[in-house]
Amino acid sequence: MNEVAQIFDRNLLRRRRDRAAPNFDDFDFLARRVGELTADCLEDIRRQFPTALELGCRTGQMAEILQGRSGIETLVQSDLSEAMASRAKGGAGGLTIAADEEALPFAEQSFDLVISCLALHWVNDLPGALIQIRRALKPDGLFLAAFMGGATLAELRAALLDAETEMEGGASPRVSPFADVRDGGDLLQRAGFALTVANTESLEVSFPSPAALLADLRGMGETNATIQRRRSFMRKSTLARAMALYQERHGDSGGRITATFEIIFLTGWAPGPGQSQPLAPGSGQVSLTKALSGDGNQGGD
Amino acid sequence: MSNQDVDPKLLEILVCPMTKGPLRYDREARELVSEKAKLAYPIRDGIPIMLVDEARKLDD
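As given, the protein sequences belong to chains A and B, one line each in that order.
FYI, our numbering numbers position 225 of the first sequence as 225, with every residue one higher than the one before it.
FYI, our numbering numbers position 45 of the second sequence as 1045, with every residue one higher than the one before it.
Honestly, I wouldn't trust all of these hints.
To be verified - Quick list of in silico lysine-lysine cross-link-like pairs, BS3-like style, CA-CA up to 30 Å:
id, chain 1, residue 1, chain 2, residue 2
1, A, K138, B, K1009
2, B, K1057, B, K1020
3, A, K138, B, K1038
4, A, K138, B, K1036
5, A, K138, B, K1020
6, B, K1036, B, K1009
Said to hold, decoys possible - Short derived list, chain A residues pointing at chain B, Cβ under 7 Å:
id, residue
7, A85
8, R87
9, A98
10, D100
11, P105
12, F106
These are calculated hints, taken from the structure and not from any lab test.
Note that this is a predicted model, so its numbers are computed, not measured.
Note that beta-carbon positions come from the ideal geometry of N, C-alpha and C, so glycine has one too.
Let's have the full structure, built from the sequences with the hints guiding it.
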């Protein structure tokens, strides 16, 4: 796995999550909202999932949401941050571990369901992580993921970029890159999932000010963790300019601003015996030429 | 079962994240030992810490 480009600093992310854990309840609105939407997806699928894994459990929001509304008997909660996992353990879930999504510690065919809410946008080797997830699923097991899409924080990204270009004559990445929905569906298929579905939902969240948005991102442990990020803080004047631009472009008459979070929902199934499958190439019984010429009737000869 | 113990259900499904090989539960030391990777993953407050960075290296 060494040849994979390292975009994100996983140790930095872990430290951020550890730091965010004690007060995470004050900043869990996004985790909760996306958790509820994910639980709704699950409810539409009329299946029982006796053994389930949640990747990126934070302090246990999803376990709380799922309690009493799904056919899950055993839920294993996992988070990269030990501090988050430790808080989740005290909640509704019970079985909790700390693990890295890039190196999963689960035996093959352990779970009927793997859920991941807002955890995979920080993974360097997403194809590798998806393959590991598929292997951890039993045949016909379901993977259900919600993650941040490319339009997330577009307003903030533009304001920072424009301010930095204007004030410092150049720009560096300040907001992490996100995947887009098409990538997501492709990646699932390449990782060997069947019957994949991808769709997006745009959440508009209102904040008292651009500064309050930044404070919330910090509280969520979601600030930029790219390796390419500038090690220096942004100049105060540049940040002030970015905040002013944001306010000017997206502020309402009362001074509040909106921020967009694009959430991509992905579902895929580990291949199983009962699923509809494409036939193997060359296994057809009817000649295509015959079929197209019109005299090949449906049953072949 | 005390709060420090690892749930048997977890022990059934956990493997070494590095080698995907089996783990031995050392209850005394509160560690999950991967002989193949020569790493011992700590268990803190009943939570297995399955991170290679946090594991103790075993001597030969």
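These are the hints, each one checked on the structure:
1. A/K138 to B/K1009: Given pair A/K138, B/K1009 holds - Cα atoms ~16 Å apart, limit 30 Å.
2. B/K1057 to B/K1020: 17 Å, holds
3. A/K138 to B/K1038: 29 Å, holds
4. A/K138 to B/K1036: 25 Å, holds
5. A/K138 to B/K1020: 16 Å, holds
6. B/K1036 to B/K1009: Roughly 22 Å between the alpha carbons, so the hint for B/K1036 and B/K1009 holds.
7. A85: For A/A85, the interface hint holds, since the closest Cβ of chain B sits about 5 Å away, which is under 7 Å.
8. R87: Since the shortest Cβ distance to chain B is 10 Å, the answer is violated.
9. A98: 5 Å, holds
10. D100: 6 Å, holds
11. P105: 4 Å, holds
12. F106: 5 Å, holds
Going down the numbered hints, you'll see the structure goes against just number 8.
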